[in-house]
Amino acid sequence: MLDKNLVAEILTEALSSGGDYAEIFVENTLASNLFTSERKIKSSTSSLSYGAGIRIFDGVNFVYAYTNLMDRENLLKTAKKAALGIKSSKKDITFDLRDLELERKHQIQKPFDSKTKKEKTDLMLKISEYALNASPLICKADATYTEVTRQTLLANSLGVWTEDSISRSRFQFASIAQKDNITEVAGDNFGGLYGLELFDGRNLQEFAENVAADSISKLSAELCPSGKMDVVIGNGFGGVIFHEACGHGLEAEGVAKDASVFAGKLGQQIASPLVTAYDDATIDHAWGSINVDDEGVKTQRKLLIENGILKNYMVDRLNGRRMGVEPNGCSRRQNYTFAPTSRMSNTFIANGKSTHDEIIANTEKGIYAGKMGGGSVKMSTGEFNFSVDRAYLIENGKITKQVKGAKLIGSGQEVLQNIDMIGNNMSLGCGMCGSISGKIPTTVGQPTIRVKNITVGGQK
Amino acid sequence: MQAQKFIEKLYQASQAQGINQFQIDYSQSENLSLKVMDGKIEKRSFKNIQHLSFSVKEGQNIGSFDCGELEEKNIPLIIKEAKENALLMNNEEENFFFGEKRKYPAVKRNTPIKEYETLDKEQFLLDLEKAAYAQDKRVKKVISCYLNEGKYQNSIRNSLGLNVSEGSTWAFAGIYLSVEENGVIKTASEYVKFDKKEDLNPELMAQKTVEKALKKLNPIAISSGKYKIVFENECFADFLDIMKNLFSATAVEEKHSKLGDKLKQKIAADSITLVDNPLLDNGYRTRPFDGEGYPSQNNVIIQNGVLQTLLHNLRTAYKFGVEPTGNGIGGGARGVSYSNFYLENGNVSKEEILQQTKEGVYITDLIGTNAGYSTVSGDFSFGAEGFLIKNGKIDKALNQLTISGNVYELWQDIELIGNDLKFTPDGCGAPTIAVKPMQISCN
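In order, the protein sequence lines correspond to chains A and B.
Each residue of the first sequence is one higher than the last, beginning at 54 in our numbering.
Each residue of the second sequence is one higher than the last, beginning at 2 in our numbering.
With the rest of the complex left out, here is chain A (with noise of 0.2 Å):
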């Protein structure tokens, strides 16, 4: 995307005031969105998005200057303004930039251009004609698809010269139902490193006919009970818990800083023997993967949590420095406008021994949380709460009735503590993550979990 040499000059200036470390990140993005509803194509949109960021390192401290305006002038410009910054004694650094040796997975089989916009919503509309048919209270259905292809360079002055494009699709899908004077909404999508070969192989008439129901189920849902209770969380997006309650606080960003409350703690045992998790880049076209991080590092299949034993932070290049660990491939950043810092990819709890079935028949009174939705976590503190999607009430091992308006509540190293079974059905679940690096897409993971004695707060 840019020249070598005029690469080599950027980094050159940025060292020029005394940093001890540059590089430069330059991106360029082509999206974009479809939308459907009411049997219509309401919004078609596209951008493009070209720009490039310098970051200059002197010990712990750094400098982040970022612009579009793309010429050799300006570029050169911005480096020697982001090396104003510094202000230290230059050092004596030179390098030589070599192409980063590099697997590319997840490649494309279709590529976007290979369908027409059209033949893209005509899916779209079918997609939805299917919950539409389904039920006479379906009274909506809308559908997004979203593609994206990011090209990105990579140099910096240890010498890594490293480009890649990675190319991700997603469908994200919702119906409303409507009964008297009741209107719920039900929602699911999928996504993943895929060109149009995203729809291949799915059974997409039952995909939005389960959508559909769902929506319907809602319309006859009691008010969920508020108090303590024992809570089995179902698999796939149920891991957006472990995410938010855990993966967050093993972020180098927050470790690094004391800011988590997981910090100075590994080798010690910070959740249920059950508890086994990793942070894995690399898995096949899957949403939250890239080859190389927004800094240079190859990516690789982290052991976080090893049987409730804290194993690994996830560590970029800075925090790195400050915990004086080496970075090990999770660094990403939403685009050029922001600096990098260690973020999650694909995180997940990996399979236990018990089945689904055996975790609801274990469970004599409590909430079944089958699909979760979004939540939040307060890093510092651990305490995160999540609202629930689709709740069940679970009498004497059964599942009854369906439930609204559930949330939960709690701090992260409580719940680790407290999960009691995990099951063996395994499955990933799409989202995007949001924090100081901006929105990345990430993947969230679990089999079928229960916790002992969460607080839920529900609207009785």
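Incorrect hints may have been included.
Short derived list, chain A residues pointing at chain B, Cβ under 7 Å [as the list claims (entries may be wrong)]: (1) 434; (2) 438; (3) 460; (4) 512.
Cβ-to-Cβ under 8 Å is the rule here; a few derived chain B residues that face chain A [said to hold, decoys possible]: (5) 42; (6) 48; (7) 61; (8) 75; (9) 86; (10) 173; (11) 202; (12) 205; (13) 335; (14) 371.
Listed below are the simulated DSSO-like cross-link pairs for lysine-lysine, each with C-alpha atoms no more than 27 Å apart in a straight line [unchecked claim]: (15) B:227 / A:130; (16) A:57 / B:48; (17) A:232 / B:245; (18) A:133 / B:245.
If you are wondering where the hints come from, they were derived from the structure by calculation, not from laboratory data.
Built from N, CA and C at the ideal position, the CB exists for glycine as well.
Place chain B on chain A using the hints.
Okay, now just chain B, sitting in the frame of chain A:
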């Protein structure tokens, strides 16, 4: 390529291709941000970016393409994509560019004070961090101590003759810290927009933040049940931010608001006046025109509890058969944008509200509001932080809470409105308010 030159080329290329109606939105922004950690400037960040959105009207539809790279080689792609997007949509709804010659209101906007120019910003932040640690031994960590300043300029030019531009500058600083006692960690934050001389007091800012955090220590549990609720002003402003979409015409057409057939009907308690006012002096979101170039006006949304209007862009106004309200986003976007969106002051003080409430829960923070709110049904269930109200006064801090209810009922259930209107940087504002009992669970 130089922006003005690029815009001219794109304009000419569009005319040469015989495009009848088109529009170019352009913005340029610069920004500096600083962050302090452990007595050092940990991060300095500079930004200089430009952004262009090109829109085309084909038939009834407007399609657009956003482009961050203003190079001549991209002009064919920009025009092709915008046209293709316009031709694809089949909404059967008329979309518009604004081209009427109108007078634009003069607005009074915050410009960072003179003293700010000569302020040693790095020293200010270093002082702020130091002051925070010096406040109390229980201060565990100053997690974030930052300053941001910037300016932006944007312009809209279209084939109907519209050619307007505006710009603004801003500066603010903030601190976020944690305190710890007996193994319990609590956090608090404060921010300040630099516009008065007294805003530049690191000692006072540190003191306020630490006090706020310390008050949250040693929390107690209460049993789950219904409690009378008092929302702190800023907290209710955050709540308004979450539910403001109720009043958007686009939310009504997409069934994410049930207020479409409630015009001129009573939807809120008598004493409620809710406005979206882009003309407010020195507001966070004060502006002379909206994203479509339509002149700004003060919109009274609820008066004495009665719904007066929804917020419209050019398209929804035409569809609903009303005048636009100046809430368009522009660049071909379907939704509406908000300006300074706030609940007007009532006439009781916060202390009187607490006294009249006697027993209940005082909510200071809503947490996890990105989930737990169904825009379709209006049901919500949020995490929260707060205090017990005992004998008409704020008493002990409470363990983690959830608060749940329904937004349509909430508007009806507001009982008292304070006189201490406060805005958040999102442009939403509210005074302290008291609400009839709501469901609370406590950890």
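* **Numbers of unmet hints, in rising order** => 7, 10, 11, 12, 15 and 18
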